[in-house]
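Chemist: Sequence:
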Amino acid sequence: MGKFIYNSSQREIDIDDRVLAHLRVAILNKLRRAESFAMTWEHGVEKGSGRTTFWLHEAIPLQFVFSGNRQPTLNRLWVEQLLLTANSTSGLHYVPEPDESEEIDVE
Numbered sequence: 001m002g003k004f005i006y007n008s009s010q011r012e013i014d015i016d017d018r019v020l021a022h023l024r025v026a027i028l029n030k031l032r033r034a035e036s037f038a039m040t041w042e043h044g045v046e047k048g049s050g051r052t053t054f055w056l057h058e059a060i061p062l063q064f065v066f067s068g069n070r071q072p073t074l075n076r077l078w079v080e081q082l083l084l085t086a087n088s089t090s091g092l093h094y095v096p097e098p099d100e101s102e103e104i105d106v107e
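In terms of the UniProt record's numbering, the sequence shown opens at residue 1 and continues consecutively.
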C-alpha cells in the first residue's frame, strides 16, 4: 500500500501500489503540461468512508510513496481512462482497471 502526499499536508492517502503507479503517470502528464485539475479520492470504510478532493497544480509539491520496490507493468488503456477523467468536469478519480484489449470510448 503506497501513499499519495500533497503539499505539506498531514493527510496522506493510502493507495494500492498498482493504482498509485497509474495515477502517477496520469498526474505527472497533466502537470508537465501545466494543466491544473481536481482529483477526488474516496476513502474506504476502514478510514470512515467519505472523500477528499485536491486541486492539483504544478507549483505545489506532491509525493508518490510506494511500499514495494518493483515498478508494475503499466496498462496504457487505464492511464488513458484516468486522463479522460482528469479532463472532465468531475476531475480525476478512480476507475477500475480495464482489460488491455478493451477499446476506449472517447465520446
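Source of the hints: derived by calculation from the structure; they are not laboratory data. Some hints could be false.
Pairwise CB distance ranges, derived in the manner of DEER restraints [unchecked claim]: (1) Glu97 to Thr40: 17 to 27 Å; (2) Glu100 to Gln10: 31 to 41 Å; (3) Glu100 to Arg11: 28 to 38 Å; (4) Pro96 to Asp14: 31 to 41 Å.
Glycine residues also receive a C-beta, built at the ideal position from the N, C-alpha and C atoms.
Chemist: Is it true that the C-beta distance of glutamate 100 to arginine 11 lies inside 28 to 38 Å, as the hint says?
Modeler: 33 Å, holds
Chemist: Honestly, do proline 96 and aspartate 14 meet the 31 to 41 Å range at C-beta?
Modeler: With Cβ atoms ~18 Å apart, the hint is violated.
Chemist: Could you check the hint for me, namely that glutamate 100 and glutamine 10 are 31 to 41 Å apart, CB to CB?
Modeler: 37 Å, holds
Chemist: Does the hinted range 17 to 27 Å hold for glutamate 97 and threonine 40 at CB?
Modeler: 18 Å, holds
In summary, the structure is inconsistent with hint 4 from the numbered list given earlier, while agreeing with all the others.
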